[in-house]
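J.: Chains as they are written, first to last, in full-length UniProt numbering: chain A, 1 to 157; chain B, 1 to 82.
Misleading hints may appear alongside valid ones.
Here chain A is said to cover these stretches of chain B; the calculated rule only asks that three of the stretch's residues, wherever they fall, bring their Cβ under 8 Å from a Cβ of chain A [said to hold, decoys possible]:
1) 5-11
2) 38-49
3) 65-71
Take a look, some chain A residues computed to stay more than 12 Å from chain B by CB distance [claimed, not checked]:
4) Ala9
5) His20
6) Ala22
7) Gly27
8) Pro54
9) Met56
10) Trp72
11) Leu75
12) Thr118
13) Pro132
14) Glu142
15) Trp148
16) Ser150
Label-pair restraints from in silico Cβ distances [what the hints assert, rightly or not]:
17) Phe39(A) x Pro66(B): 17 to 25 Å
18) Leu21(B) x Ala22(A): 48 to 56 Å
19) Arg26(B) x Ala85(A): 39 to 47 Å
20) Gly25(A) x Pro22(B): 50 to 58 Å
21) Pro66(B) x Arg70(A): 19 to 27 Å
22) Arg40(B) x Glu69(A): 22 to 30 Å
23) Ala18(A) x Ala48(B): 40 to 48 Å
24) Ser18(B) x Ala9(A): 46 to 54 Å
25) Leu21(B) x Gln103(A): 46 to 54 Å
26) Ala48(B) x Ala8(A): 36 to 44 Å
27) Ala9(A) x Glu59(B): 35 to 43 Å
28) Leu63(B) x Lys63(A): 32 to 40 Å
29) Gly84(A) x Asp31(B): 32 to 40 Å
Calculated from the structure, these hints are not laboratory results. All residues carry an ideal CB built from backbone N, CA and C; glycine is no exception.
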Amino acid sequence: MAIRVQAAAFDPGAELNALHAANVGIGAVVGFVGYVRDFNDGREVAGMFLEHAPGMTEKALAKIVAEAERRWPLLRVDVLHRVGALQPGEPIVFVGTASAHRQAAFAACDFVMDYLKTRAPFWKKEDTTEGPRWVEGRASDEDAAARWESQCRPGCG
Amino acid sequence: MIRVQYFARYRESLGLDSEQLPWDTRFACLDDLRQVLLARGGAWDVLAERNLMCARNDELCSLAEPLQDGDQVAFFPTVTGG
Numbered sequence: 001m002a003i004r005v006q007a008a009a010f011d012p013g014a015e016l017n018a019l020h021a022a023n024v025g026i027g028a029v030v031g032f033v034g035y036v037r038d039f040n041d042g043r044e045v046a047g048m049f050l051e052h053a054p055g056m057t058e059k060a061l062a063k064i065v066a067e068a069e070r071r072w073p074l075l076r077v078d079v080l081h082r083v084g085a086l087q088p089g090e091p092i093v094f095v096g097t098a099s100a101h102r103q104a105a106f107a108a109c110d111f112v113m114d115y116l117k118t119r120a121p122f123w124k125k126e127d128t129t130e131g132p133r134w135v136e137g138r139a140s141d142e143d144a145a146a147r148w149e150s151q152c153r154p155g156c157g
Numbered sequence: 001m002i003r004v005q006y007f008a009r010y011r012e013s014l015g016l017d018s019e020q021l022p023w024d025t026r027f028a029c030l031d032d033l034r035q036v037l038l039a040r041g042g043a044w045d046v047l048a049e050r051n052l053m054c055a056r057n058d059e060l061c062s063l064a065e066p067l068q069d070g071d072q073v074a075f076f077p078t079v080t081g082g
C-alpha cells in the first residue's frame, strides 16, 4: 500500500501500471482518477487550491485503506492526492486497487473514494469568475459513504 | 494545555490557524471546549455550524470525544477532497 500527498503533478497511466508491478497473483486492477473541472455549481472555475491538514491527512487515508483491506482480499491499494494550486484538467486524486478478481478491486476502489470524500481532511477553494469560494460538502457524498456503513460499520468484527 | 487548530473556511473566518488554551477541568469532552470558544461571539459562531467536523490527536472524532490535558484538537468544515 502506498499513500502519497503531494503538490506535484502525476501521470495516471504510470500509477495504474505500477499497481500490477509484476505481481502475477494480481488478476484485476481498478483505477479511479479525479480531475479538476472548469465549471462547478453554476460558475466557471479558473483554478483551485487544495488545503489539507498535515499530520492528519496521511493518517486518515491509511485508516481508510486499512478498512478496505479488512473488507476485501486486496493485493495492493495506492492512494495519491494532490494539494496546493491546481488548474482545470489536472488530475487531483488517484485511487488504485489490485486483487485476484475484479469484484473486490471494483468495490474497494469505490469504497476508498467514498470514504476519502467524507473522511479525509482536504478542502477545495475554487477561483471562480465571481471570486474565490470554498466548496461546500455535498449530501450526496455523505449518502454514498453511508451505503458502506449499512453493510458493516468501520471497526465491526 | 490544549492546542486547537482551525482549517480552511474556519481558519479564514477566524483569522487564526491555531492557538493554545490552558487546560480547564470543564473540558470533559470536545463539545465543552467548543462551547467555551462559541462564547467568544462574533466570528466564532462558525463553530455552531451543523456540519462542523472535528478531530482529536489527528483522528476524526465526534463532539462527545473525551478530552485530556495535552491533547491537540481541530475544528473544520465538511471535507471536500477527491
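J.: Decide, hint by hint, whether the structure agrees.
T.: Hints and how they fare:
Counting residues of the region 5-11 of chain B whose beta-carbon sits less than 8 Å from any beta-carbon of chain A gives 4, enough to reach three: the coverage restraint holds. Given as covered by chain A, the region 38-49 of chain B fails the check, having 0 residues with a CB less than 8 Å from a CB of that chain where 3 are the minimum. Only residues whose C-beta sits within less than 8 Å of a C-beta in chain A count toward coverage, and the region 65-71 of chain B has 0 of them, not enough to reach three; the restraint is violated. No beta-carbon of chain B comes within 12 Å of the beta-carbon of Ala9(A); the shortest separation is about 17 Å.
At roughly 24 Å from the closest C-beta of chain B, the C-beta of His20(A) stays outside 12 Å, upholding its exclusion from the interface. Taking the minimum C-beta to C-beta distance to chain B, about 29 Å, the non-interface status of Ala22(A) holds against the 12 Å cut. Chain B leaves Gly27(A) outside its interface by the beta-carbon criterion, the shortest separation being 27 Å against a cut-off of 12 Å. The Cβ of Pro54(A) does not lie farther than 12 Å from every Cβ of chain B; its closest approach is about 10 Å, which violates its non-interface assignment.
The claim that Met56(A) lies off the interface is violated: its Cβ sits roughly 4 Å from the closest Cβ of chain B, which falls inside the 12 Å cut-off. Look at Trp72(A): its CB is around 20 Å from the nearest CB on chain B, clear of 12 Å, so calling it non-interface holds up. Annotated as non-interface, Leu75(A) keeps its C-beta farther than 12 Å from every C-beta of chain B; the closest such distance is 23 Å. With a closest Cβ-Cβ approach of about 7 Å to chain B, Thr118(A) is found to fall inside the 12 Å limit, against its non-interface label.
Pro132(A), annotated as away from the interface, has a beta carbon of chain B within 12 Å; the closest lies near 10 Å. Here Glu142(A) does not stay apart from chain B, with its beta-carbon only about 8 Å from theirs, under the 12 Å limit. With a cut of 12 Å on Cβ distances, Trp148(A) stays outside the contact zone with chain B, its closest approach being about 15 Å. With a closest Cβ-Cβ approach of about 19 Å to chain B, Ser150(A) is found to remain outside the 12 Å limit, as its non-interface label requires.
A hinted range of 17 to 25 Å is violated for the C-beta pair Phe39(A) and Pro66(B), which are about 44 Å apart. For the pair Leu21(B) and Ala22(A), the beta carbons lie near 53 Å from each other, so the given range of 48 to 56 Å is met. For the hinted restraint 39 to 47 Å between Arg26(B) and Ala85(A), the CB-CB distance of approximately 42 Å keeps it satisfied. Distance hint for Gly25(A) and Pro22(B): a CB-CB separation of about 55 Å, consistent with the stated range 50 to 58 Å.
Distance hint check for Pro66(B) and Arg70(A): the Cβ-Cβ separation is about 26 Å, which falls inside the suggested range of 19 to 27 Å. About 43 Å separates the C-beta atoms of Arg40(B) and Glu69(A), a value inconsistent with the hinted range of 22 to 30 Å. At roughly 45 Å, the beta carbons of Ala18(A) and Ala48(B) sit within the given window of 40 to 48 Å. For Ser18(B) paired with Ala9(A), a C-beta distance near 30 Å fails the hint of 46 to 54 Å.
For the pair Leu21(B) and Gln103(A), the beta carbons lie near 49 Å from each other, so the given range of 46 to 54 Å is met. Between Ala48(B) and Ala8(A) the beta carbons are some 38 Å apart, a value that agrees with the proposed interval 36 to 44 Å. Between Ala9(A) and Glu59(B) the Cβ separation comes to about 30 Å, which falls outside the hinted range of 35 to 43 Å. Taken as a hint, the range 32 to 40 Å is violated for the pair Leu63(B) and Lys63(A), whose Cβ atoms sit roughly 20 Å apart.
For the hinted restraint 32 to 40 Å between Gly84(A) and Asp31(B), the CB-CB distance of approximately 33 Å keeps it satisfied.
Violated hints, in rising order: 2, 3, 8, 9, 12, 13, 14, 17, 22, 24, 27 and 28; the structure is consistent with all others.
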